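There are 2 protein chains.
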Amino acid sequence: MSTLNNSTNIFWQECPVGKVERQKLLNQKGCVVWITGLSGSGKSTLACSLSRELHSKGKLSYILDGDNLRHGLNKDLGFKAEDRAENIRRVGEVAKLFADAGLICIASLISPYRKDRDACRAMLPEPNFIEVFMNMPLELCESRDAKGLYKLARAGKIKGFTGIDDPYERPLNCEIEIEQKDGVCPKPAALAGQVVSYLEDKGFLQVE
Amino acid sequence: MSTLNNSTNIFWQECPVGKVERQKLLNQKGCVVWITGLSGSGKSTLACSLSRELHSKGKLSYILDGDNLRHGLNKDLGFKAEDRAENIRRVGEVAKLFADAGLICIASLISPYRKDRDACRAMLPEPNFIEVFMNMPLELCESRDAKGLYKLARAGKIKGFTGIDDPYERPLNCEIEIEQKDGVCPKPAALAGQVVSYLEDKGFLQVE
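The listed protein sequences derive, respectively, from chains A and S.
As numbered in numbering that gives the first Met the number 0, residues 0 to 207 make up the first sequence, in order.
As numbered in numbering that gives the first Met the number 0, residues 0 to 207 make up the second sequence, in order.
It is worth saying that the hints were derived from the structure and are not from the lab.
Treat the hints with caution; some may be incorrect.
Identical copies look the same in the list; a pair holds intra-copy or inter-copy alike.
Said to hold, decoys possible - List time: in silico DSSO-like cross-link candidates among lysine-lysine, alpha-carbon distance up to 27 Å:
{"#": "1", "residue 1": "K74", "residue 2": "K18"}
{"#": "2", "residue 1": "K201", "residue 2": "K180"}
{"#": "3", "residue 1": "K18", "residue 2": "K186"}
{"#": "4", "residue 1": "K146", "residue 2": "K18"}
{"#": "5", "residue 1": "K74", "residue 2": "K23"}
{"#": "6", "residue 1": "K158", "residue 2": "K74"}
{"#": "7", "residue 1": "K114", "residue 2": "K74"}
Since the structure is predicted, the reported quantities are computational estimates derived from the model, not experimental observations.
Generate the whole structure from the sequences, applying the supplied hints.
Quick look at the structure:
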């Protein structure tokens, strides 16, 4: 009997249809592709492109977008340090559920701190967490500024903005790093292709 | 630009692979089957049996079990009133994501208050929330007491236990009500069959 958080009485319910059966049905293996990087580094663009490439191969994926979840699951959270950590923790927990359901779950959020990302990594068996680092120069991200956020941050109207007055901690051991080539950003389809190749090589796109 | 909870700047990211495309891939429609009832009323048993029946038809489902989620996503929550409400809200939000992903999401939790269940219902388009009420007599649930919880509640060792010293509010307009027939509980497979028939009738098990 569990005595988890003042409780009492939480039992674990097992079920005869498990991850293995779902993976067979889908002919793929559940995993989490965690895309991290500065605002404007192209996380959402890659997430969408990856989702499209996978769909064209008959593979089921689902995008957990940090911003979108703040309208639902995480709408009770603000932007102070502990809320940001809790935001990422919840996305990690939900991503884990999607991977367990057999989907290729694409999480797309700045997730600036190594500690928070590594906590999400630790929720899954080692190979099933694939960290993709959008390693784009701040200047490039800021020059894009599609949402106008860098301008606000520079003007002091947003506090604690990653890259401006709050740090981004680069991954030390990510599975995939996306960079400019000769000062040019690869096209989204090419980037998605790079991730798809990784997933193929690691055997996520079929079951034995 | 959103000004949601002190924020700032949360944009909604749309993507070209949407619910419709995922549903076509799966040949089913995403929805939430929300199983509510007393502890020991057979919610988890029905959830498992339903998941098995759906799998045998090639349909992808995923169970969100209230107890299991308290080990992960909801491990920061206890059992006081606002934590219980938040527990159910989060399950509702995650169930909504799974339905959006195209899965038949089976949520299994006591969810004793009408208000909380109705809030989850309101997150989805009307037909996509299917409330299943395990309408079993308290005496039966208590006599089963597989987890020994009723005994603890009667002894005053658990406070606020649904059915003993905390109310269970029966659904007023659930889609499916499961009852004893002539004092006998239908077999799990028969109950699951009842839900599967409902899903078939309403067109959830195929796309046009």
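Structure-based check of each hint:
no.: 1; hint: K74 - K18; result: between (30 Å within a copy, 22 Å between copies)
no.: 2; hint: K201 - K180; result: within (25 Å within a copy, 52 Å between copies)
no.: 3; hint: K18 - K186; result: between (34 Å within a copy, 25 Å between copies)
no.: 4; hint: K146 - K18; result: between (39 Å within a copy, 25 Å between copies)
no.: 5; hint: K74 - K23; result: neither (35 Å within a copy, 30 Å between copies)
no.: 6; hint: K158 - K74; result: within (19 Å within a copy, 30 Å between copies)
no.: 7; hint: K114 - K74; result: both (22 Å within a copy, 19 Å between copies)
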